[in-house]
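*Asks:* Using the sequences and the hints, build the whole thing.
Protein chains: 2
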Amino acid sequence: MTKIFDDPAQFADDALDGFVAANRQYVARVDGGVVRSTESPEGQVAVVIGGGSGHYPAFAGLVGAGLAAGSACGNMFASPSAGQVYRVAKASQSGGGVLLSYGNYAGDVLHFGQAQEKLNAEGIETRTVLVTDDIASAPLEEIGKRRGIAGDLTVFKVAGAAAEAGLDLDEVERLAIKANHHTRSLGVAFAGCTLPGADEPLFTVPEGMMSVGLGIHGEPGISEQPLPTASELAQLLVDGLLKDKPDIAGRRVAPILNGLGTVKYDELFLLFGKIEALLTAAGLEVVEPECGELVTSLDMSGLSLTLFWLDGELEKFWSAPADTPAFRKGNLAPRRARSVESLAEAGTAPVLAATPASTALAATALDALKEAQAVVVEHEETLGKLDAIAGDGDHGIGMRRGVDAAVAAAEKSHAAGAGLEELLAAAGEQWAERAGGTSGALWGAAVTAVGKTLGSKDSYTAADAAAAVNALRDAIVTLGKAEAGDKTMVDALLPFADTFSKAIDDGGSLAASLSAAAEAAAKAADATAELSPKKGRARPLAEKSLGHPDPGAVSFGLIARRVADYAATIESS
Amino acid sequence: MTKIFDDPAQFADDALDGFVAANRQYVARVDGGVVRSTESPEGQVAVVIGGGSGHYPAFAGLVGAGLAAGSACGNMFASPSAGQVYRVAKASQSGGGVLLSYGNYAGDVLHFGQAQEKLNAEGIETRTVLVTDDIASAPLEEIGKRRGIAGDLTVFKVAGAAAEAGLDLDEVERLAIKANHHTRSLGVAFAGCTLPGADEPLFTVPEGMMSVGLGIHGEPGISEQPLPTASELAQLLVDGLLKDKPDIAGRRVAPILNGLGTVKYDELFLLFGKIEALLTAAGLEVVEPECGELVTSLDMSGLSLTLFWLDGELEKFWSAPADTPAFRKGNLAPRRARSVESLAEAGTAPVLAATPASTALAATALDALKEAQAVVVEHEETLGKLDAIAGDGDHGIGMRRGVDAAVAAAEKSHAAGAGLEELLAAAGEQWAERAGGTSGALWGAAVTAVGKTLGSKDSYTAADAAAAVNALRDAIVTLGKAEAGDKTMVDALLPFADTFSKAIDDGGSLAASLSAAAEAAAKAADATAELSPKKGRARPLAEKSLGHPDPGAVSFGLIARRVADYAATIESS
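Protein sequences appear in the order of chains A and B. Residues in the first sequence are numbered from 1 upward in steps of one, following full-length UniProt numbering. Residues in the second sequence are numbered from 1 upward in steps of one, following full-length UniProt numbering.
Because the hints were derived from the structure by calculation, they are not lab data. Heads up, some of the hints might be wrong.
Computed, partial: chain A to chain B, Cβ under 10 Å [said to hold, decoys possible]: (1) Gly-54; (2) Glu-232; (3) Lys-264; (4) Glu-276; (5) Ala-277; (6) Cys-291; (7) Pro-334; (8) Arg-338.
A few chain B positions that, by computed beta-carbon distances, are all more than 10 Å from chain A [claimed, not checked]: (9) Pro-41; (10) Gly-144; (11) Gly-250; (12) Leu-257.
Listed next, the in silico DSSO-like pairs over lysine-lysine satisfying Cα-Cα at most 30 Å (straight line) [said to hold, decoys possible]: (13) Lys-329/B - Lys-329/A; (14) Lys-118/B - Lys-329/B; (15) Lys-329/B - Lys-316/A.
The beta carbon of each residue, even a glycine, is placed where N, CA and C say it ideally should be.
*Replies:* Structure follows, in structure tokens:
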């Protein structure tokens with residue numbers, strides 16, 4: 001049980017501050033995560049990693065010479081926002097391009113993906129290598145769907161060492177992809193973990209049982225069985241991984257036995273001894289093993305075994321020196337400290353010129369955002385309760401954080417004289433960033449897309465409004481990858497967009513069209529009560545949601561209604 | 001809960017084997033613990049540490065260049081035997097003498113002390129520095145009675161760095177003593193830990209409460225209070241330690257925030273951030289801090305803060321490079337591997353010449369040991385049950401392990417033609433070593449003392465028997481430091497020795513005197529039921545023992561009776 005905190009809502013931020021305080025020789029805090037506090041050679045590829053907090057030493061503990069250049073650190077078990085990833089990457093890069101690498105989870109793919117686009121758009125060449133080592137999460141035929149767990153380390157380490165050796169982005173990317181192809185993991189769990197401030201564990205394993213393949217956030221596993229002996233457990237893990245051995249595997253292998261939190265060192269060592277004996281008996285040569293806590297899940301009771309199948313070049317980079325808070329190997333020459341002040345400047349931009357029409361519309365957009373804020377405030381508690389039925393109950397607080405930040409950013413932009421596109425870009429970025437979670441990213445992208453579509457024109461027509469609604473729809477659908485019937489906000493969004501287009505095409509006024517669309521959205525949101533979620537990590541909870549509408553669809557309907565009402569007041573004035 | 005093992009009785013050994021398998025570049029296994037697997041310069045002082053297992057990375061994880069030369073590893077939470085310490089020290093030393101350093105616990109003091117005597121007797125100059133950092137375990141006026149907890153690290157580190165720098169034993173000892181004087185720790189606990197194979201935790205803390213000053217094996221603390229916030233906890237720890245600040249303290253301080261097992265990294269970092277702010281606000285300068293798991297107690301939930309008050313030379317050795325499995329700092333030149341085969345030879349000795357009378361008496365001693373073995377086997381279960389009332393229930397199994405090993409060693413000595421002194425020395429050493437715990441050490445010392453007193457004479461008289469019994473008594477009293485009425489085996493031993501002396505003085509036969517003494521011992525053992533233990537670490541359990549005799553006194557009475565009966569059969573034949 002997680003016990004040490006002042007305010008559970010600030011846990012991830014406070015912990016990161018303390019981590020930096022304890023490790024100033026390695027890391028410096030930037031908005032969104034941490035970067036090396038030491039200089040990196042000009043032109044070195046920056047390996048930028050990250051993910052949710054609560055998995056220490058993944059990810060911030062792996063930042064340092066010979067490994068990662070920076071880590072974007074999300075909230076507890078939640079992806080960092082695109083803005084966080086973007087800013088950390090900007091502060092990490094040294095002119096050699098950026099390799100983003102992280103475990104394959106939908107939220108991370110979404111946010112890191114957006115950051116990559118933005119970095120590339122700015123001329124910072126950025127690539128992505130996903131880690132997909134967990135053999136329990138999908139069959140070999142669908143290897144690309146596998147989750148990333150402790151195998152993160154092999155990919156980050158090889159990429160970081162390749163960057164340290166001065167290889168270019170093409171080579172670093174190639175080696176990281178290869179390391180991922182050579183890495184397989186299998187985990188078991190004995191008990192779940194408890195998030196700061198929560199009364200109950202996030203997920204559970206029945207007493208006296210072991211869940212095979214359960215993910216590090218409680219994602220479904222393969223099977224449950226009674227607790228085995230250490231020798232039986234070693235056999236289960238080794239057999240499972242040898243069956244899934246990559247075709248290119250040779251005789252040399254680096255095993256990584258990873259504790260998830262409350263399985264302690266002596267237990268890990270004891271098990272490692274059995275595993276080493278089995279690998280040796282299988283004719284393999286054990287090289288540079290690791291045994292300890294490398295990817296944790298707070299106080300989760302469980303462990304995983306990773307086999308990293310080496311060839312000449314992978315072994316070279318796996319064995320290379322590294323010097324980070326949590327992972328040290330060999331000797332690296334001491335690095336000079338870099339100026340931390342210079343980091344604060346990354347990611348700010350001047351106000352761009354805009355047409356009078358765009359600047360006027362920006363004021364209207366700000367007011368509309370304030371209306372959205374008001375309706376979210378009114379329903380914050382209800383949305384939270386609705387989300388608690390089938391999720392972690394943070395939809396109300398998340399929407400609130402997002403819309404509050406969006407309004408604050410829009411006000412600042414407006415005061416600086418920004419046009420519509422710039423104002424909505426600032427609002428969208430802050431929404432995505434402060435809300436946390438997938439819905440924050442979707443709303444942020446939607447707001448940004450509306451601004452981009454409307455741009456800076458001399459005047460605006462009904463056709464522009466239709467185009468803006470379509471852009472809003474496309475942004476959410478493209479980024480979220482949900483389909484109609486998945487029980488998400490898309491179930492309210494699609495009827496909204498369809499109804500609006502049709503109403504405008506039929507010559508309706510903006511306010512009347514918006515009103516009809518909002519009504520369709522609200523109705524569709526209510527209808528999501530009949531659906532079961534198509535994805536969702538907490539098994540027993542997902543089923544509970546039947547009979548209750550999706551909170552994301554409900555909040556979409558509420559905001560649509562309020563904005564339509566606001567449009568009516570403008571049109572009539 | 002400790003879950004991963006095959007046979008709980010083999011846990012510590014199996015875990016140590018696995019630890020070595022995972023860390024061959026640093027450590028090699030020797031009988032009794034681990035030593036560096038790399039060469040140390042000839043003439044370097046060997047810092048030899050150790051203690052019970054279950055505290056990783058203390059102690060085996062701290063063996064390597066710039067830190068310890070070897071670690072003696074006892075059973076779970078139990079001191080290593082004198083033989084283990086002796087053999088590890090022999091295999092660790094490089095001709096510059098040995099510094100033994102460990103936490104101040106009665107069992108460790110006893111066993112390390114015996115090893116020190118033996119090493120010094122062999123011409124390997126050996127000193128001891130106890131760690132006494134836990135301010136909750138005794139008031140400042142009785143600083144020498146304080147327990148050692150995470151402050152172990154500062155003392156070991158400074159001593160190891162001083163040895164690495166080539167300083168001689170006087171200097172290494174002086175610096176270790178100084179480091180201990182400059183180190184203060186305070187711990188808190190939220191929940192106890194469970195030994196491998198146990199159904200219940202070794203000790204508990206009430207739900208929702210925090211115990212301040214509770215020791216790492218459940219030793220009594222100072223107070224209990226409801227769980228505080230992180231800021232309140234930081235204040236409590238910092239205030240407590242600043243109040244106990246040594247007079248010689250300056251402005252520079254190295255804080256060590258140590259997690260005991262299930263308080264995880266993010267929680268530790270979060271707390272560290274608050275602690276650093278308080279120390280800075282108090283006008284102190286934080287230097288080279290540590291935050292992580294450095295001395296654990298299996299899956300215990302708790303943490304401790306250590307303040308190491310630096311001066312110029314202490315800071316120099318604290319900051320110096322070290323390279324061990326669990327603690328790495330700076331860069332040290334790579335070391336050559338040493339030959340592990342050569343380690344196996346340490347600690348064996350040839351058979352010495354003995355008189356025919358001594359060799360004949362050795363055969364009788366072997367038979368008497370077999371009688372003792374038989375009675376222990378008969379009562380093993382009863383003794384275990386008796387011990388479980390107020391202790392950890394291992395007295396039966398411990399006596400069994402000890403006497404089995406003693407008989408096996410005596411048989412081997414006898415087959416090699418050894419005299420009495422040598423045979424009993426071998427038996428005593430093995431008894432102490434295999435039994436584990438204090439009673440094993442006491443029996444081992446007693447058996448050895450009897451052999452030493454009887455020596456290798458041309459003939460033996462009743463006066464020799466009386467001297468032997470007195471030697472047996474003195475060995476146990478001197479080593480165990482228990483007094484009459486403390487509810488220990490001494491309560492049976494003293495009446496036994498008194499009755500025997502008196503009976504021999506009165507001209508009684510050996511058998512009759514032994515019989516009278518055995519009767520007195522058995523009666524006194526029964527009478528211990530009326531006593532309460534004077535020490536004992538598990539608070540609630542100690543009181544439960546009232547009304548039940550002490551298992552150590554009972555086993556002493558049983559063995560005395562059986563040996564007396566055996567003496568009667570010899571005398572009559």
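*Asks:* Is the nearest Cβ of chain A still more than 10 Å from the Cβ of Leu-257/B?
*Replies:* violated, 8 Å
*Asks:* For the pair we were handed, Lys-329/B and Lys-316/A, check the Cα-Cα distance against 30 Å.
*Replies:* holds, 23 Å
*Asks:* Hint check: is the beta carbon of Pro-334/A less than 10 Å from a beta carbon of chain B?
*Replies:* Status holds, d = 8 Å.
*Asks:* The hint names Arg-338/A as touching chain B; please verify it with the least Cβ-Cβ distance against 10 Å.
*Replies:* violated, 20 Å
*Asks:* Beyond 10 Å on every Cβ pair: is that true for Gly-250/B relative to chain A?
*Replies:* holds, 21 Å
*Asks:* Should the label of Pro-41/B as a non-interface residue stand, given a Cβ cut-off of 10 Å to chain A?
*Replies:* holds, 19 Å
*Asks:* Lys-118/B and Lys-329/B were given as a pair; does the straight-line alpha-carbon distance stay at or below 30 Å?
*Replies:* The hint is violated at about 34 Å.
*Asks:* Against chain B, with CB atoms and a cut of 10 Å, does the hint on Cys-291/A hold up?
*Replies:* holds, 4 Å
*Asks:* Against chain B, is Glu-232/A within 10 Å by beta-carbon distance?
*Replies:* holds, 9 Å
*Asks:* Per the CB criterion, is Gly-54/A less than 10 Å away from chain B?
*Replies:* Since chain B brings a Cβ to about 6 Å from Gly-54/A, closer than 10 Å, the hint holds.
*Asks:* Lys-264/A was flagged as interface toward chain B. Is the shortest Cβ-Cβ separation under 10 Å?
*Replies:* It holds, given that the least Cβ distance between Lys-264/A and chain B is near 6 Å, below 10 Å.
*Asks:* Does the claim that Gly-144/B lies off the interface hold, with its Cβ farther than 10 Å from every Cβ of chain A?
*Replies:* holds, 31 Å
The structure shown violates the earlier hints numbered 8, 12, 14.
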